[in-house]
Every structure is written in structure tokens, then in C-alpha cells.
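Protein sequence lines, in the order shown, are assigned to chains G, X and C.
Using our numbering, the letters of the first sequence map in sequence onto residues 1 to 394.
Using our numbering, the letters of the second sequence map in sequence onto residues 395 to 746.
Using our numbering, the letters of the third sequence map in sequence onto residues 747 to 992.
Incorrect hints may appear among the rest.
Calculated pairs, SDA-like style, for lysine to any residue (alpha carbon to alpha carbon, straight line, at most 20 Å) [what the hints assert, rightly or not]:
id, chain 1, residue 1, chain 2, residue 2
1, C, Lys-819, X, Arg-653
2, C, Lys-945, G, Thr-99
3, G, Lys-172, C, Glu-981
4, G, Lys-289, X, Arg-641
5, G, Lys-53, X, Gly-515
6, G, Lys-289, X, Lys-638
7, G, Lys-382, C, Lys-819
8, X, Lys-638, G, Glu-290
9, X, Lys-687, G, Glu-18
10, G, Lys-172, C, Leu-948
11, X, Lys-733, X, Val-744
Some chain G residues close to chain X (C-beta under 8 Å, calculated; not the full set) [said to hold, decoys possible]:
id, residue
12, Pro-13
13, Gln-223
14, Tyr-233
15, Gly-235
16, Glu-236
17, Asp-254
18, Ser-256
19, Phe-258
20, Phe-259
21, Gly-393
These aren't lab readings, by the way, just hints derived from the structure by calculation.
Using N, Cα and C, we set each Cβ at its ideal position, and we do this for glycine too.
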Amino acid sequence: MSFIPIDALRTKPLPRPEDAPTRDVHEILDELEAAGELIIHRVPEPYVEVMTKYGRTKKIPEQMTWHHKSCGQCGHIPGYSTAIFWLNRAFGFDYDDPTDQTSCTAWNYYASATSNAPAQAGVAMRNFAAAYETGYFPIIHCGTSYGHYKEVREELIHHDDLRAKVRDIMAKLGKPLVMPEEIVHYSEWVHAMRDRIAERQVLDFSDITATVHPACHYYKLVQEDAIYDPDLYGGERTATVSALVQALGATVGDYSTFFDCCGFGFRHILVERDFTRSFATQRKIEVMKEEANPDVVLTHDTGCVTTLDKSQFAAQAHDKNVGIPVMSDAQFAALAMGAHPYRVCQLHWHTTDYTPLLEKMGIDWKAAWAEFEEDIGRLERKEIEFLSWEDVGV
Amino acid sequence: MSDRVLIIGGGPAGLEAARLTAQLGAPVTVIEKNDALGGMPISQSYAALTHGFQSAEELTNHLIEGATGQSGVEVRLGSQVAAIGGSAGAFNVTVGSDDSETQLEAGAVIVATGFTHFDPGRETQQYGYYEFPDVIGINDAEKMLKDHAFVTPSTGKPPERVAFIQCVGSRDRQIGNEYCSKVCCGISSKQAIEVRQQIPESRVFIFYIDMRMYGYWENEIYWPAQEQHRVNYVKGIVTEILSKNGRLLIRGEDTTMGRPMEVPMDVVVLAVGMEPSQGTRRMAEVLGLPTNKYGFIETVHDTLDTVSTTVPGIYVCGAATGPADLDDTISSAGAAAGKAVAFLRASVGVPA
Amino acid sequence: MSSAAPAALFTADRGATLSPHSYPDVSYEEKLRLWDEVKADIRFPTYLYGCYECGICVAACPSARFYDFSPRKIAQAAGREDVELIFEQMNDDVWNCSQCFSCNRCPRENSPGGLITILREVAVNNGLASSKEALEGYSRIVYKIMTTGTQVSPDMLQADAFPDWGPGVVDVSDNLDLWRRALPPETLHTTSMSWHVGKETLTELYLIWHYSGVMDMIAEIDEGLHMIIIDVMEETLEDAGYDIEL
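Build out the structure end to end from the sequences listed, making use of the hints.
Here you go:
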């Protein structure tokens with residue numbers, strides 16, 4: 001009886017850019033810039049090069065980043081945004097947190113369709129022009145924004161009339177038409193930084209198992225532009241977030257609904273929530289719990305964190321097999337580096353019980369909560385107006 | 395001037411072309427880059443051929459004997475064409491082998507460099523070929539079937555449930571191979587029958603978009619597969635393969651019943667399509683032959699001339715021009731041999 | 747978006763439909779007009795090529811598991827230009843879609859989710875009752891995003907708005923002001939927006955809504971909402987020195 005020599009068969013060849021089914025968007029942008037159609041906002045140095053799906057490289061800026069914030073994050077789970085800023089500050093990186101930024105408005109667009117292609121592109125281009133004016137390079141906090149902006153980029157480079165119309169609208173605002181050289185998601189920055197984050201790790205994660213939920217809008221839209229690593233998942237699933245887990249010495253728990261959406265639904269999570277709850281519970285959380293029994297669910301998008309975290313409460317009332325804390329890769333990385341679970345990661349905004357996880361990480365969350373309550377006391381007594389970065393040591 | 399015909403590639407197409415060319419009276423040199431003749435059926439250990447379930451090895455050996463047994467056929471193994479000069483009737487070819495290079499004169503050239511199997515790592519559906527040992531290609535399956543050892547690779551035991559997924563790497567705009575690879579529906583059905591024969595307790599499924607069972611494949615293979623061998627044909631391509639409880643889990647839509655389905659399998663066989671081989675791509679460049687957008691070598695007129703290239707004196711046959719089954723390949727090899735010899739008679743004057 | 751757009755699809759006539767006429771009160775001409783509006787969208791050619799019913803889209807679709815919904819049927823109806831069926835889907839099915847774009851896995855490069863985005867836009871633009879119904883209870887969100895440039899503000903975290911999110915929501919809303927002050931990033935020190943959006947920024951946003959024709963869409967789904975938003979916009983634009991008729 002003979003066996004297939006698995007090792008010999010399974011050394012995956014590196015993807016070759018020549019095999020990619022689409023043209024390199026950088027080439028197209030260069031052509032448009034040369035024709036005077038738009039300005040390319042170049043990635044500042046130093047940058048890290050990462051590999052995308054078809055073997056092309058993508059530049060991820062280290063600093064001088066303009067932080068394009070996410071409404072759901074800043075509104076409902078602000079520890080997510082805080083952790084992203086904290087990571088930048090812990091490394092001493094120069095960045096901008098602008099007020100001259102609107103939401104990408106894609107949540108509304110996908111939920112209600114009360115917008116159109118020129119408006120969506122206009123919103124995107126206004127934000128990119130605002131970043132360009134500051135000299136800081138845009139980095140996108142939300143997966144939905146990221147996917148939507150990739151879509152907008154496709155539409156603008158392939159449709160001359162749309163591009164003309166949007167350039168016209170920008171002109172009325174006194175702004176040029178600017179396209180960033182890369183559309184960068186913050187989790188790609190975390191990915192590029194993962195080894196340096198691991199160097200500064202102060203907690204032991206070797207006992208921690210995390211399941212990873214990759215955000216649909218990160219890798220399913222404009223599929224060639226997402227990070228893949230031949231050494232992870234055989235290069236067949238996006239490496240973002242999973243690579244970080246490994247770099248921090250934790251285990252990535254696999255489960256059979258890895259590619260399933262979380263069930264956010266955009267409109268559903270706001271006005272038809274039984275779909276979102278049912279889907280998140282039955283197709284994601286229960287499967288993760290049964291097959292991987294993880295300590296934490298990690299993801300890299302606002303909607304996914306919200307959906308997976310908030311859907312578990314109602315499910316408990318129906319005796320569903322749930323109860324895994326959910327957080328972003330940024331919060332996970334920050335905790336690894338010793339960030340305060342409340343002052344920085346703001347876990348009190350999360351719903352599913354995260355305290356067993358913190359205990360397993362070796363964090364005295366009771367003491368941490370007492371510290372935070374002291375801060376609240378000082379705020380109540382108006383001794384301080386706000387908690388500052390100084391207060392959290394960065 | 396030379397009356398020699400240079401045949402590039404020693405697989406079924408090259409062997410049949412060599413045999414007939416020599417039979418028609420012209421001297422032949424076969425250049426083969428591997429250390430053995432036979433092409434894909436031998437190097438990839440094919441089991442039974444789709445037509446008639448004949449042993450691939452026996453049939454290929456027959457082709458090899460047919461060519462080498464003919465007087466006037468010279469074979470150079472471990473050799474490749476490095477460069478070509480001159481023109482039809484008087485080509486000057488540089489042949490490289492190990493570290494040395496030799497010159498060769500030829501009046502006509504027949505390219506028979508064939509195909510390679512699509513690498514499932516480039517698939518845009520989530521099949522995990524490089525993650526899961528139990529996800530294999532039809533090429534991997536042939537090896538096991540030839541040894542009568544069709545097993546679940548991770549356990550070494552015969553599988554209970556086997557799924558074939560059609561059109562992997564073909565009919566796909568995302569991958570860039572929009573064409574149909576022609577042979578995979580027949581091959582998968584043949585393999586499904588073989589699995590059912592070798593493992594009578596097994597349940598075998600074929601997930602397809604269309605079943606392309608041309609001509610006699612319909613009654614010789616498709617109907618018997620369903621009726622005698624109880625192979626389950628399900629319209630709906632699988633999109634994801636993951637692992638659950640130590641087994642593979644496949645996910646697709648059962649379009650007949652109009653609902654999503656996810657079921658466990660022990661082995662999943664990907665019906666990987668045909669792409670031009672490295673040899674075909676290289677020879678197209680070296681010989682200056684136009685290729686289509688997929689890299690296959692183009693002929694002058696699709697229907698009326700399936701073997702002449704745009705370069706006078708250079709012919710092409712077999713899967714180097716596009717997906718082809720063995721019947722197609724043998725036919726086109728004969729056509730190439732005939733045209734090459736006819737050309738030599740008209741231009742060089744020999745063979746008489 | 748790789749290959750060139752296919753040749754123009756044939757012009758549908760009444761006989762092209764294979765479906766029963768489920769909305770007999772609406773004329774065929776009206777249904778055809780809506781379909782023509784869908785096809786006129788610039789994105790349409792790259793969202794629909796041909797469909798060979800492989801079922802990959804349905805297999806990947808989260809809504810297909812919960813609703814009687816099939817992205818394959820959306821692509822099929824569109825490919826057939828079955829105007830009757832398309833109108834039915836525009837009313838009954840398109841709001842089930844999660845807009846996750848898992849269906850972009852389509853080997854023909856169709857995007858059923860993308861087709862649905864356009865179908866929804868056309869439905870909203872034309873004030874279809876089903877679109878108003880689907881967006882019932884959603885108007886406060888539209889108001890928030892259009893006037894503040896952020897979609898969900900901290901002060902929306904009320905127990906009566908999100909009862910199924912657990913007692914944590916009560917904690918948040920009880921402590922909202924203090925907890926927002928306990929956030930180090932300066933831009934987050936607000937409860938009425940997700941982060942502080944500058945006045946000039948809002949001015950630019952309102953101009954974008956105006957110039958791109960979005961306000962007309964809002965008027966179609968909810969006139970009252972439209973009026974409130976226009977009021978806010980007019981005030982800000984006036985302050986910024988713009989003399990524009992909204």
C-alpha cells in the first residue's frame with residue numbers, strides 16, 4: 001500500500017503577481033496621476049512591506065498616520081480606538097487624531113441605501129483630501145470603511161464620469177482629488193508591527209487560545225488587496241489577526257465557520273436584531289465554543305466586535321452554548337504590552353464577561369477596576385476634567 | 395535544407411506524431427526534457443483512461459514502443475530546445491542537455507509540450523489544498539487509484555465519503571481561466587466509478603456546475619456512474635472546505651433543493667483543470683509562437699486547421715493548444731505529422 | 747473588475763418573464779422603468795455578467811440561512827431581465843441581504859450583493875412602500891449620520907434602544923458622561939457624536955449631500971425627516987457664508 005508523499009505535494013508555491021487576474025492598482029493610479037486626473041498621497045517612510053493575496057507587496061506606514069476613526073468604535077466600544085492610539089503612543093510614534101474627519105458613512109449606505117455612488121465617493125475623497133492637507137497618511141480604523149474605500153477606489157479609477165463628477169464636487173469644497181497610494185487598515189499596521197509588539201510583551205499568553213474572525217469587508221471586497229502569508233494557513237486564508245496571535249505566543253483555535261460573516265447586517269443589528277443575534281450565536285460563537293473552546297474571540301472590525309460581543313447576552317437566556325469574551329486585535333496587543341484593561345482597553349463597555357480571560361492573562365482586574373473607579377471619583381469631584389494620556393503613562 | 399522533423403515533447407502527442415512521421419518516411423528527432431518518455435500519464439502515474447478504462451501505463455507504453463520501434467526515430471532524453479534560427483525547410487536548432495549544447499538541422503518542427511494541472515493554491519474558493527492533506531487533486535487521486543490504494547491520506551484508511559468538486563481552476567473569471575478544461579467531468583466520473591469499485595461501502599458525490607459528458611461519455615460513463623455505481627451527482631459547486639471533528643466539512647448550495655448545505659466528507663477530490671505546461675510556455679517564447687491569453691499556443695484557424703501555427707514549418711498538437719483529451723491528442727498528432735511530411739515533400743522534396 | 751463589460755443585454759418584452767405577476771396593481775411599464783434605472787447605474791455592468799447557477803453565493807450567504815433569500819435568484823432574475831420577478835425581489839427580498847459581500851466569491855465575478863445595493867437605491871429613490879417599511883425605526887440613524895457625520899453616538903446607548911444587549915447598556919447609559927470623560931483620546935470627549943467633528947467639516951459634508959443629490963432620496967422615504975435635516979444643514983451653511991437653495 002502506498003501513500004501520497006504529503007510533504008512533497010504540499011509545498012505551496014509562492015503566488016506570482018503575473019498570475020493575478022487584475023491589474024496592479026498602483027500602476028493604474030500612477031497612470032491617472034500622470035494624466036493629471038488625481039494626486040497620489042504617497043506612503044511616508046519608514047514603511048513595512050507586506051504581501052497581499054497574489055504576491056504583490058503593500059506598503060504599511062510606521063507613523064505619521066492620520067487616524068480615520070470608526071463611528072461604532074468611538075461611539076460604543078471606545079476602548080478599541082483608545083487601544084489603537086495607545087499602541088502608537090507606546091512606540092513613540094507621531095500621529096494625528098483629527099476632528100476634520102467624517103464617518104465613511106458606509107454603515108448607513110449598506111443599511112439603508114439612502115445615498116449614492118457620487119456621495120459615497122465624495123465623502124471618501126473629502127476625508128483623503130483632509131489627510132493630505134495635514135501631511136499625515138490615512139490609516140482606517142474600521143473594516144467596513146476599509147472595504148468601502150477599496151470599492152470607491154475601484155469605481156473612481158474605472159469610471160471617468162464618476163471621477164469627473166467627484167472632482168467637481170471637491171473643487172466646490174476647495175479641495176483637490178487625492179487618492180492615497182495604499183488604503184491601509186489599522187490591523188495591517190498591527191500585523192506589520194507584530195514582532196515589535198511581541199518584543200515589548202510583558203504578559204505570558206502561552207495558555208491563551210483565541211479564535212479569529214476575519215471581517216468580511218476586510219478580505220471579501222477587492223480581494224487582491226488583503227494580507228496573505230504563505231506560512232500561515234498555506235496562504236489560503238488572510239493572515240491578518242492570526243499572525244498577531246501567533247507572534248504573541250497564543251494559540252489560534254480553528255473552527256469550521258471561519259469564513260462565515262458575523263451577522264452584523266448593517267441594518268439588521270439596528271432594526272431587525274433577531275437575525276443578527278441568531279446568526280452570531282449559532283453560526284459563530286456556539287461553533288467556536290464547541291470546536292475550539294477559546295478564551296477569547298479576536299476580530300479586527302467594529303461591526304464584528306459589536307455583533308459577536310453583544311449577541312451573547314440574549315442567547316444565554318435561551319441556554320445557548322455561549323460566553324466567550326470578544327475584543328479587537330488592538331486591545332489584545334495592548335493588554336499583552338501591559339496596557340490597563342479599563343483606562344486603555346475600556347473593557348467595561350463590553351458585554352460578555354471578560355474577567356476569566358484577564359485572570360488567565362495574569363491581570364489583577366479587581367485592582368485595575370479599583371484604580372479606574374478612583375479616576376471616576378476624581379472626575380466626579382471635578383479634580384480633573386478628563387482622563388489624559390499622561391494619566392495612562394504614554 | 396533538411397527533411398528531418400523535430401518533435402518537441404515525448405508524451406502521447408509527441409509519440410504518435412513521431413510514429414506517423416517516421417511511418418510516412420521522414421526522419422524524426424524527439425526532444426524530451428524528462429529522463430523518460432510517456433509524458434503526463436507516466437510521470438503522474440495515471441490509472442485508467444476515461445475512454446474504455448484502459449490502463450494508462452499500458453497504453454502509453456504501446457505508444458512509446460510504436461514510436462521507438464519505428465526506424466528513423468531518434469530520442470534525446472533530458473534535453474530541451476534552447477534556441478532556433480533559420481526558417482521552414484531549414485531550421486537550425488540548439489538543443490541543450492546537462493551542460494552541453496548541440497546543433498541540429500530540421501525541415502519542420504512539431505511542438506507537443508502539453509499541459510500541466512492547475513495548482514489549487516491559486517483557487518479563489520476556500521479549498522485549503524495546502525492546509526488539509528485529505529483535500530487532493532484528480533492527479534493525486536490517479537496515483538492512489540493506480541496502486542489500488544485509494545485512502546484518506548491523514549488516516550491511511552479507505553474513506554466512507556468522497557466528494558469531487560468540478561471546475562477547479564476553470565470557468566472562472568476571478569482566476570482568469572474562463573475556459574472549460576473539457577476532460578475533468580469525464581475524469582471525475584471515471585474516478586468516481588473506480589472508487590465505488592475499489593471501495594464498495596463508500597458514498598461518492600460529484601458537485602458540479604454542468605456535467606459535460608460529450609458524445610459517448612454520456613452513455614458509457616455518466617449513465618453507468620449514476621445507475622450502476624450509484625454515484626451522487628449534485629448541482630451546486632462547493633465553496634469552502636474546513637475541518638470539523640477531525641473530518642472535512644464541505645459547504646455549498648444544493649441548488650436543486652434550493653438551500654445551503656454543509657456535510658462531512660473524508661476525502662475531497664478537486665477536479666483541477668488544464669493549463670499550459672512550463673514547456674509549452676517556454677517553447678512559445680523560444681520559437682516565437684503567438685499564444686492566447688491563457689498561454690496556450692495558437693493555431694492559424696480554429697476549425698479547419700487545428701495544427702498549423704502562424705510560423706511556417708512549425709506545427710503544434712495535443713494539449714499545448716488547449717484542453718484536450720487523449721482522443722483529441724492522438725488525432726491532432728496524426729494531423730500534425732501528415733501536414734509536416736506534406737510540407738517537406740513540397741518544399742524540400744523529400745521524403746519521396 | 748477585470749474583463750470588459752459584456753454586450754448589451756437584449757431589450758426585455760412582456761414575454762421575457764417566466765414568473766407570475768405578483769404585483770398586478772403596478773403596471774409593467776412602471777416595473778420596466780425601475781429596471782432600466784437599475785441598469786443605468788454605472789456600477790451595473792461590473793456587478794452582473796452571466797450566471798451558471800453554481801450556488802457558491804448561496805452557500806456563502808448568511809441571510810440565506812435565516813431568510814427565504816437567495817442571491818443566486820437575484821443574479822438569475824437580473825440576467826434573465828425578468829422584470830416581474832425583479833420587481834417582486836425589489837420589494838420582498840432585497841432588504842434581507844446583509845451586505846457582507848461573501849457572494850463576491852462568484853467565479854463569474856457577479857456581485858449579487860452589489861446588484862442589491864443598486865436595487866435598494868432605486869427602491870428608495872422611487873419611494874417604494876416596501877423600502878419605507880424596511881427603514882421604519884431607522885430614521886433616527888439617518889438623522890444622526892447626515893447631521894453629525896457619525897452614525898452611532900454614545901447617547902444612543904439606551905436600554906430601551908438595545909434591550910437585548912444586556913444590563914451593561916444600563917451601566918453605560920447611567921455613567922455615560924463620566925465614562926466618556928474617562929477616555930484619554932481628546933476627540934472622544936463627546937456624547938452626542940462618536941467623536942468631535944469640526945464645524946467646517948460638517949459644512950463640507952452637507953455640501954457633498956447637496957451636490958450629490960442625496961437630499962432628494964431622503965425626501966422620498968421620509969418627508970418629516972427630510973425637513974429636520976434640511977433645517978440643520980441650512981443653518982450651518984448660512985453661518986459658513988453659503989447661499990444655497992437646499
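- [ ] For the pair supplied as a hint, X:Lys-687 and G:Glu-18, confirm whether the alpha-carbon distance does not exceed 20 Å.
- [x] Holds - the C-alpha atoms of G:Glu-18 and X:Lys-687 are around 12 Å apart, at most 20 Å.
Task: Satisfaction of hint between X:Val-744 and X:Lys-733, Cα-Cα up to 20 Å - done: Given that 20 Å is the threshold and the Cα spacing comes to 13 Å, the pair holds.
Task: Hint consistency between G:Lys-172 and C:Leu-948 [alpha-carbon to alpha-carbon, up to 20 Å] - done: holds, 15 Å
Task: Restraint outcome when G:Asp-254 is required to lie within 8 Å of chain X by C-beta distance - done: holds, 7 Å
- [ ] Verify the interface restraint on G:Gly-393: the C-beta must sit less than 8 Å from at least one C-beta of chain X.
- [x] Violated. Min distance 42 Å.
- [ ] Using 8 Å as the Cβ threshold, decide whether G:Ser-256 counts as touching chain X.
- [x] holds, 4 Å
Open item on the list: For G:Lys-172 and C:Glu-981, compute the direct alpha-carbon distance and say whether it is at most 20 Å.
Closed with: Roughly 19 Å between the alpha carbons, so the hint for G:Lys-172 and C:Glu-981 holds.
Open item on the list: Given a cut of 8 Å on the nearest C-beta pair, is the interface hint for G:Gly-235 held or broken against chain X?
Closed with: holds, 7 Å
Open item on the list: Check whether the Cα positions of G:Lys-53 and X:Gly-515 lie no farther apart than 20 Å.
Closed with: Holds, at about 11 Å.
Task: Restraint check for G:Lys-382 with C:Lys-819, where alpha carbons must lie at most 20 Å apart - done: With Cα atoms ~60 Å apart, G:Lys-382 and C:Lys-819 exceed 20 Å; violated.
Task: Hinted contact G:Phe-258 with chain X - closest CB pair below 8 Å - done: Nearest chain X Cβ about 6 Å off; hint holds.
- [ ] Decide if the proposed pair is consistent with the structure: C:Lys-819 and X:Arg-653, CA atoms, cutoff 20 Å inclusive.
- [x] Holds, because 11 Å separates the two Cα atoms, which is no more than 20 Å.
Going through the hint list in order, the structure does not satisfy hints 7, 21.
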